[in-house]
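Asker: Starting from the structure of chain A, add chain P where the hints point.
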Amino acid sequence: MNWQAEIDEYARRQELAREMGGAEKVARHHANGKLTVRERLDALADAGSFDEIGSAAGFPEYDANGQLVGLTPANVVCGRARLDGREVFITGDDFTVRGGANDGGLREKFAFAETQAVRWGLPLVRLVDGTGGGGSVRHLETLGRTYLPEVPIFAEALSALAEVPVVALGLGSVAGMGAARVCASHYSVMVRGTSQLFAAGPPVVARAGEQVDKETLGGAEIHAKNGTIDDAVDSEAEAFERARRFLSYLPSSTRELPPRIDCDDPAERREESLVGAIPRDARRVYKMRPILDAVFDTGSVFEMGRAWGRSVITALARLDGWPVAVLASDPYHYGGAWTVDASRKAIRLVDLAENFRLPVVHLVDIPGFLIGTAAERNGIMRYGTQALAAVRSSTVPWCGVIVRKAFGMAALSQRGGSTAFQRFAWPSAQWGSLPIAGGVYAAYRAEIDAAPDPAARQAEIEARLEAVQSPIRTAEAFGIEEIIDPRDTRRHLCRFATLAAPLRAGGRGFGYRP
Amino acid sequence: MSRDVHSEVAGSIFELLVAPGDEVAKGDTLLLVESMKMEIPIEAPVSGVVAAVHVIVGDAVAEDQRVVSIDPPRQG
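Residue numbers (the working numbering), protein chains in the order written: chain A, 1 to 514; chain P, 1 to 76.
The shape of chain A in the complex, shown without the other chains (with noise of 0.2 Å):
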């Protein structure tokens, strides 16, 4: 006598619960392009370590003997697994049932897949497939009545974010909470083509007199663009791919700090190629990406958010193995002026960082804030101060090295909040509050105006100042701390983690705004 036929009656509403919305739905969904949950669990998690919760969650049908006829599940499917052997917590949409929408689930299963990561101090993966909180009015009808908005756990939700590396994954059409769900998140991405983002989706903003299909009013390339997610991708594996790979370098909450891994890339490695990066003519743009892909551990950049604010690239990365959160300039935008969505995008970073006590490394080449009427409309220097605001409340240990120019307020950032900062600059380095050529005809304008050549005297004027700009005199005052050899750098920034990492403990504990 034992208790296998319960085991296997139990058993019996498993195996229908994972043919999710029956065979027709599921073939409908890959016709569309896209996985199945189940199927995205499989992919994403390590190989047999998924432990699914509320496996026999859903709607049950009995006969008339009270015979199990058929079980049409909840459509959130959940569990603890691993990801690179790391312990997370994964809830997933089943866009088969119920079009995912979130009263096709059983509250109490939809509340616990939310609330569980932060609870156990875990990550959160979310795989985001579904049409939103409200699903149909239909419902009302059921319901007799209808209600003031209010989701409970999603308070608790954002506020886990202060707590628990929470990514994200839209991977089908999502509206409304859906939306909310992929941004409410540390790290998310989207699906070219087969995922969908808005606060309400065509039928709704029809109704407001705008006749827009799925992908014009929200498709990935748009959301990628505008900051509202971080990078676009062309498939489900390679979504999955990033959640891992951003996972890696953080904690697993902020119980702890960010692990290290074993390096095998030198510390001591000397960088030739870096000693002429910089081109002598300050007209010039080089790529600052194979310069990064030089100074970090081999292959450890991790590049976020490249498709907008895109004269900053945001990073993470590793130097000795430690992981840390990378700001760099890119010349080819705006020379690496901060636009007003580079300054945003600065400003997600930076928190991040914060948060999760990431030292942060920025490479600086910055003629200041973007100048001009569009920035001005914009919005610039309310956005760009705040996102100094943000670079000087970090309390996390800063380097900055200046590989070409720091000049205005935005170069400020060269260092964040604590004390515990380094700088270094490369010997082309260039810096001042105004690059000289600015500045020459409004403080000298008596002179000039007055000269009998004045362009020529304005030349004389300008040839003066040039030698007085080189960063050796700044380094001769000590206005800079060490001027450093460009091929050094690895050694440089390697130095800097060791040091950094006993200091990384401690935190504002302001919550996180995502």
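Rather than coming from a laboratory, the hints here were simulated on the basis of the structure. For clarity, every value in this text was computed on a predicted model and none was experimentally measured. Careful, some of the hints might be misleading.
Here are the computed lysine-lysine pairs in the DSS-like style, where the Cα-Cα straight-line distance is at most 25 Å [what the hints assert, rightly or not]:
| hint | chain 1 | residue 1 | chain 2 | residue 2 |
| --- | --- | --- | --- | --- |
| 1 | A | Lys287 | A | Lys225 |
| 2 | A | Lys287 | P | Lys26 |
| 3 | A | Lys225 | A | Lys214 |
| 4 | A | Lys109 | A | Lys25 |
| 5 | A | Lys287 | P | Lys37 |
| 6 | P | Lys26 | A | Lys225 |
| 7 | A | Lys25 | A | Lys214 |
Answerer: Just chain P now, with coordinates in the frame of chain A:
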């Protein structure tokens, strides 16, 4: 089917390096935009033949403005 190339920054057209009919390889510099006192190259995203150049030196250019169109490479 022509592929349009857009300027990623606002600025002015500093130098044109190609003309209609020129063969270009992916990554070749097509033109230079001057922005924030820098000469910023716009590179060909694909190989092909320049179908049209939509700007002249000195033109003001907006972010995302189309500057060049490239046709698929000549066959044979």
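Asker: Could you tell me which of the hints above the structure violates, numbers in ascending order?
Answerer: Of the numbered hints, all hold.
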